[in-house]
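In order, the protein sequences belong to chains H and C. My numbering numbers the first residue of the first sequence as 1 and each following residue consecutively. My numbering numbers the first residue of the second sequence as 1 and each following residue consecutively.
No more than 35 Å apart at the CA atoms, straight line, and that leaves these computed lysine-lysine pairs for DSBU-like: (1) H:K42 to H:K5; (2) C:K104 to H:K15; (3) C:K80 to H:K42; (4) H:K57 to C:K104; (5) C:K80 to H:K105; (6) C:K104 to H:K68; (7) H:K5 to C:K104; (8) H:K42 to C:K79.
By construction, these hints were calculated from the structure, which means they are not laboratory data. Since we're looking at a predicted model, the values are computed, not measured.
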Amino acid sequence: QQQVKQSPQSLIVQKGGISIINCAYENTAFDYFPWYQQFPGKGPALLIAIRPDVSEKKEGRFTISFNKSAKQFSLHIMDSQPGDSATYFCAALMNSGYSTLTFGKGTMLLVSP
Amino acid sequence: SQTIHQWPATLVQPVGSPLSLECTVEGTSNPNLYWYRQAAGRGLQLLFYSVGIGQISSEVPQNLSASRPQDRQFILSSKKLLLSDSGFYLCAWSTGQGTPTNEKLFFGSGTQLSVL
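Isolated chain H (complex conformation) (with noise of 0.2 Å):
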């Protein structure tokens, strides 16, 4: 069962342009929310990250919005750069007792120049 679903699977954004990825969560226990991100052939790596109590958090171009109501967050990446172009995995932690990361399925995120 899938706990974290994320959409889209793929996007394509001009040089400039906002890049927006969400993810809607399950389980009211989670309370840990990164984002990592993936080069190709490489290993993820954490980009940002947020927790419920506060609902953006942003770090130079990223942010991250989450609307625990709706069990949503999304990542918003501004002024998109070919650099960008990435995989973006976002995923979900309960921090008690025995917990590991559920992580969605990824965006293919092409920035064209």
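Given chain H, work out where chain C should sit, using these hints.
Below, chain C alone, put in the same frame as chain H:
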């Protein structure tokens, strides 16, 4: 600083052959260790995780096994590979503290396994 080493980077194996992928972590002690598999369109699938030497938890029953012979060494094995074992295998670690609860995963560079 902590580093994670995973090898080989690519591997082509015939069906029915054995497999051994190795992962080591440096610069930290008692890490939680993980093996993930990434198949096209299926995201990151957690295969095994370990909170300590000899402690292995399996997430998905399959043709693979894992072992942790040393604190910072994690090995993924198979006795007989299947075509369906092809994929991109990733090792990862996080801070330990005795449970797999973690907030930040550090991934290795992965092994692309092709079973022919």
